[in-house]
Each structure stands twice: as C-alpha cells, then as structure tokens.
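Could you put the whole structure together from the sequences, leaning on the hints where they help?
Here is what each chain is made of, one letter per residue.
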Amino acid sequence: MFRLILGNKNYSSWSFRPWIGLRTAGIPFDEEVIPLYGEGSKENILARSPAGKVPILIDGDVRVWESLAILEYAAEKFPAAQLWPADPAARAHARAISTEMHAGFVALRSECGMNMWRPPARKALSDEAKANIARIQALWTDARDRFGAGGPFLFGRFTAADAMYAPVVSRFETYAIDVTAPVAAYMDAMIALPAWQEWRRAGLNEPWVIAKFEDHYPDVKRLKVDA
Amino acid sequence: MKLIIGNKNYSSWSLRPWIAMKALGIAFEEIVIPFGSPLGNPDFKARIASYTPAGKLPALVDGDTRVWETLAILEYLAEKFPAHGLWPCEPQVRAEARALASEMHAGFSALRSECPMNIRRPIKSRLLSAAAQADVARIETMWQSARARSGGPFLFGQFSAVDAMYAPVASRLDTYGIEVSRDTRDYIDAVMALPAFAEWRAAAIAETWIVPEDEVDWPTVLTA
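Heads up: the protein sequence lines correspond to chains A and E, in order. With numbering that gives the first Met the number 0, letter number 82 in the first sequence gets 81, and the count goes up by one each step, no holes. With numbering that gives the first Met the number 0, letter number 165 in the second sequence gets 164, and the count goes up by one each step, no holes.
Be aware that a few hints might be false.
As the list claims (entries may be wrong) - Derived coverage of chain A by chain E (criterion: at least 3 residues anywhere in the stretch with Cβ under 8 Å from a Cβ of chain E; other residues may be distant):
hint	stretch
1	71–81
2	134–144
3	179–192
Everything labelled a hint here was simulated from the structure, so no lab data went into it. Given the structure is predicted, the values throughout are model-derived calculations rather than measurements. Just so it is clear, CB atoms sit at the ideal spot from N, CA and C, and this is done for glycine as well.
Okay, structure coming up:
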C-alpha cells in the first residue's frame with residue numbers, strides 16, 4: 000500500500016495536493032504527518048527523501064517526491080482511478096495547467112499562504128498577486144467552459160488538475176478574494192468534497208502553530224472545526 | 000507540430016522541449032519569438048498570445064491542441080511518441096525521472112536568477128550566494144546518484160526528457176565556471192556534446208538580440 004509523508008494539514012499546501020488527489024480518486028494509502036519546522040523534522044524528512052521536502056510517496060522500494068510526480072506515478076499505477084482526463088487534448092490541457100500551478104503564482108503563494116484555520120478576511124495584495132488571481136480565474140473558467148460539461152470540476156469529474164489547485168481554492172476562501180460566479184461555483188464543489196472536509200477537520204485540530212505562516216502572530220485566531 | 004520558442008541565447012525554458020525533440024528524433028517546425036524588453040521585439044506578448052493562453056514560452060501547437068509549460072509539453076510528446084524514449088521504460092525509474100524533472104521545474108530559483116542562461120557568454124566564474132551554492136550541491140548529488148545507478152552517460156542511461164529538463168543547468172554551470180566534481184563535469188560534457196546542443200548553441204551565438212536583465216556583467220556584454 001502507498002504511504003504518504005505529509006507536512007501539517009493546516010499549512011502544507013504541497014501535501015494537500017496528492018492527498019486530496021489520491022483520496023478523492025479512491026486510491027488507498029496510509030499516512031504520516033511530520034510537523035514542519037519542529038524539532039528534528041528536517042532530519043526526519045531527509046531520512047525519507049533526498050530532496051528534503053514533503054510530500055513523499057513511498058510504495059515498497061519506490062520513493063517519489065514532488066506533488067506532480069506523485070500524481071503521475073499514482074495515475075500510472077491506478078489507471079482505473081482516472082486521475083487524468085481520458086481525452087488526449089483534455090489531458091494535455093490538464094497537465095499544462097497543473098504544471099503552471101506547480102512552478103507558478105509565486106506572489107499569491109507567498110502573500111496568501113495556505114492557513115485553513117485562519118478566519119476568512121481580506122488582505123492587501125501586490126499587483127503581482129492580483130495578476131496571479133486573474134490568471135487563475137481565467138484558466139479555471141476556460142477549462143470549465145471547454146472541458147467541464149460532465150460535472151462541477153475543471154474537467155467535469157475530479158482530476159489531478161483539481162488536486163493541484165485545491166490549495167488555491169482554500170487560499171481564495173481564506174483571504175476572501177473576490178471571484179466571479181462561475182469560479183465561486185467551482186470553489187463550492189471543491190470544498191464540498193468529503194476528502195476536503197476530512198483534511199480540513201484534521202488541519203483545524205492540529206496543535207502546531209508556525210509563526211511565519213501567521214499574518215498576525217502572536218495573535219492567532221482559529222476557526223473551530225464545526226464553523 | 001510547431002514549437003514556439005524564445006531567444007536561443009537566453010530562453011532556458013525553450014531549450015528544454017527543443018533539445019528533447021531534436022535529440023529524440025521528433026520532427027517539428029520552430030517559430031522563434033524574441034523577448035521584448037527593452038531592445039527586442041515589442042510585440043512579444045501579443046505574438047505569443049496567439050499561440051498560448053498562459054502568455055509564456057515555450058508552447059507546442061499540434062493541430063487544434065495547444066500545450067504550454069515545458070513539462071506538460073514533454074508529457075504530451077511522451078504519450079504521442081511512445082517509441083521515442085522520452086521517459087525511461089521501467090515504472091520505478093520513470094517515477095524517479097519525473098521527480099527530478101518536477102524538482103527542476105519548480106525549484107533552484109537562486110541558481111536560476113543568479114546564473115541566467117546566456118549561451119554566448121564566454122566562460123567566466125561568478126560568486127554564488129549560499130542559496131545558489133545549496134542549489135548546485137543538490138543538483139550535483141541528484142545527478143551523481145542517478146548516473147551511478149544507471150551507469151550514464153545520461154541521468155538514466157540514454158538521453159531522456161529529464162536530461163532535457165537539466166540541459167540549461169549544464170549550460171549555466173559551464174558558463175559561470177562553477178566548480179563541480181569530476182562526475183558532474185562528465186555529465187555536463189555529455190550534454191554539451193549532443194549534436195542537438197551544438198546546433199542550438201550555434202544558432203544562439205548567431206542571435207543579435209541583447210536582454211540586459213540576463214546579462215550579469217551589464218553594461219558589459221561578454222561575447223566570444
């Protein structure tokens with residue numbers, strides 16, 4: 000069985016991607032959370048992967064790191080889970096936007112860190128972050144228009160591309176980003192996923208506060224699980 | 000198939016799919032759209048917008064299909080040309096190759112910003128920040144470990160998509176005279192000895208466009 004090594008569920012956006020991808024696709028795995036920036040956590044992660052970063056997938060002798068590479072590995076090993084769209088043109092598009100996420104949107108990522116327990120509130124954003132948000136809304140809407148007829152997700156049914164953007168959905172919600180109606184509908188579909196709710200519950204119950212990921216540290220307001 | 004690329008001297012992202020297709024024998028037509036600011040082509044953004052919605056190069060156009068982002072282009076080619084060896088055949092090895100390729104795609108930002116690809120610049124060493132030195136150390140470890148297992152000369156034996164992903168890094172380590180191990184040097188030499196690399200290099204040197212942001216010695220522009 001697969002084992003996923005993850006960072007904090009409240010903060011680790013990269014961990015969230017393969018986790019929600021595998022969970023929603025029904026691929027079984029067990030998991031281990033290594034709280035980031037804690038005592039020994041760096042050594043602990045390095046012992047499992049030479050890149051020294053989470054997430055990591057362990058499958059017997061195989062160790063895969065980088066969330067996109069993990070999703071590709073799972074897609075090959077479990078073709079019936081249909082992690083990528085079946086149509087080649089849709090699949091190419093899904094990989095292009097997933098890769099755009101993988102390497103991009105740096106301003107949004109640094110100004111609006113994933114922080115699931117932060118009560119939703121606006122924050123002043125740079126022009127670069129606003130441009131990131133505009134591009135993401137455009138690419139979501141374009142994918143939904145062209146490939147989304149069969150369901151509420153980017154390519155109709157849930158795929159790895161949705162997994163790659165799940166943390167962005169969370170950020171848009173947390174930082175109360177103004178979005179168009181179609182984008183809001185897409186975000187609602189993502190947040191309604193049982194896997195989303197399961198991850199969020201676990202994140203909100205975590206005890207570990209990381210100062211540099213909190214806007215108003217040491218003032219840390221936290222949503223309750225049932226909020 | 001058309002591959003839309005930027006300046007050969009500077010565009011490291013463009014080199015990746017280009018060298019993969021050349022070295023692996025996939026036929027394509029290339030369209031070069033040089034970067035705009037400030038001395039090149041001011042229509043840059045408008046011209047690439049007609050090929051790709053993300054507004055970035057490279058882009059691949061195959062009939063009605065438009066693919067952007069280097070790694071997504073390589074995956075598209077791997078599916079379309081399964082016999083051309085874009086990825087290693089063995090699933091475990093392929094997983095590792097994809098991890099290395101993804102790590103390149105999203106990482107090593109210190110090295111990338113301090114040592115922009117600049118093919119025509121004569122070799123001249125440059126001091127690196129601690130962050131860029133850490134990037135180099137990680138890259139050397141990764142290359143050495145992959146080549147020790149595969150036996151070389153490329154990361155997974157034969158040239159594959161992952162070597163294409165790291166080709167601009169090989170060029171940078173060479174251009175900026177970065178001190179590397181014997182093993183790393185052998186790998187850099189193997190990449191630079193590819194006929195496809197020599198072809199790209201010759202075209203890059205023949206280009207006349209200058210992009211100050213990518214000239215670390217600016218206002219001096221070192222040329223061979």
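Item to complete: May I ask which of the numbered hints given earlier this structure violates, with the numbers listed in increasing order?
Response: Violated: hint 3 alone.
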